[in-house]
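Here the protein sequences come in this chain order: A and B. Everything in the first sequence is counted per the numbering used here, starting at 1 for the first residue and increasing by one. Everything in the second sequence is counted per the numbering used here, starting at 1001 for the first residue and increasing by one.
Treat the hints as calculated values from the structure; they're not laboratory data. Keep in mind that the hints are not guaranteed to be accurate.
[To be verified] In the PhoX-like style, the derived pairs of lysine-lysine whose C-alpha atoms are separated by at most 25 Å in a straight line are:
| no. | chain 1 | residue 1 | chain 2 | residue 2 |
| --- | --- | --- | --- | --- |
| 1 | B | 1078 | B | 1106 |
| 2 | B | 1073 | B | 1106 |
| 3 | A | 78 | A | 11 |
| 4 | B | 1070 | A | 78 |
| 5 | A | 15 | A | 83 |
| 6 | A | 11 | A | 83 |
| 7 | A | 78 | B | 1101 |
| 8 | B | 1070 | B | 1055 |
| 9 | A | 83 | B | 1070 |
| 10 | A | 78 | A | 44 |
| 11 | A | 11 | A | 44 |
| 12 | A | 44 | B | 1101 |
| 13 | A | 62 | B | 1078 |
| 14 | B | 1078 | B | 1055 |
| 15 | B | 1101 | B | 1070 |
| 16 | A | 78 | A | 15 |
| 17 | B | 1073 | B | 1055 |
| 18 | A | 11 | A | 62 |
| 19 | A | 83 | A | 71 |
| 20 | B | 1070 | B | 1106 |
| 21 | B | 1101 | A | 62 |
| 22 | B | 1101 | A | 71 |
| 23 | A | 44 | B | 1073 |
| 24 | B | 1101 | B | 1055 |
[To be verified] Derived Cβ-Cβ restraints for the label pairs, each shown as a range:
| no. | chain 1 | residue 1 | chain 2 | residue 2 | range |
| --- | --- | --- | --- | --- | --- |
| 25 | A | 38 | B | 1046 | 13 to 23 Å |
| 26 | B | 1056 | A | 81 | 49 to 59 Å |
| 27 | B | 1111 | A | 14 | 33 to 43 Å |
| 28 | B | 1009 | A | 61 | 21 to 31 Å |
| 29 | B | 1055 | A | 30 | 16 to 26 Å |
| 30 | A | 41 | B | 1029 | 23 to 33 Å |
| 31 | B | 1030 | A | 55 | 16 to 26 Å |
| 32 | B | 1015 | A | 78 | 42 to 52 Å |
Using N, Cα and C, we set each Cβ at its ideal position, and we do this for glycine too.
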Amino acid sequence: EAGVAQSPRYKIIEKRQSVAFWCNPISGHATLYWYQQILGQGPKLLIQFQNNGVVDDSQLPKDRFSAERLKGVDSTLKIQPAKLEDSAVYLCASSPPGLAGAYEQYFGPGTRLTVT
Amino acid sequence: AQTVTQSQPEMSVQEAETVTLSCTYDTSESDYYLFWYKQPPSRQMILVIRQEAYKQQNATENRFSVNFQKAAKSFSLKISDSQLGDAAMYFCARGPNRDDKIIFGKGTRLHILP
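Only chain A is shown next, with the shape it has when bound in the complex:
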């Protein structure tokens, strides 16, 4: 079974530039998550999709971050404009249908973003 794919793996941009991350979840997984993990901390949920609908985006800085999940499969997360404090690893995860929290989340390798 193919895992969660993310690209790019690394990205360096200057502040005020824009950046986009892509995630392809495991086939059949209805729930998709984007997390921000700052160095030395645990993952913080940015947005959770159930199929192509948003379940939770309460911690997404909506003035600069946006995310979409096309046709309930792939997802993109965009930052525009980026700030220095956005430097982090952005993790995508997916879980199978059902009560999302009950099931294991499968994580992708992450995208390490450095904002200079």
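Chain A is already provided as a structure; the job is to place chain B on it using the hints.
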């Protein structure tokens, strides 16, 4: 706010010895799930073990076991016969709550001493 607390930012254990990582959590729910995830350096996060709150029996996966104390809201991870490959960040997580969201602790970095 619902929280998950890992009070040990770093721990070290001698290879082949046993180590216990602690985790406490807050919830008003009666039915929920608890997880321990492992994140090796520069590698993907993977699930180590999962516990369902309505089950009395502590979960076990090979050398990994938990001590789940529901009344105390405590969920510690015991690693027996520690191996060099166990070196990683370990995250405790709780979910779901009413919003079906998983919450992660800040992690414990485990060092294995040869």
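Contradicted hints - numbers only: 4, 9, 13 and 19
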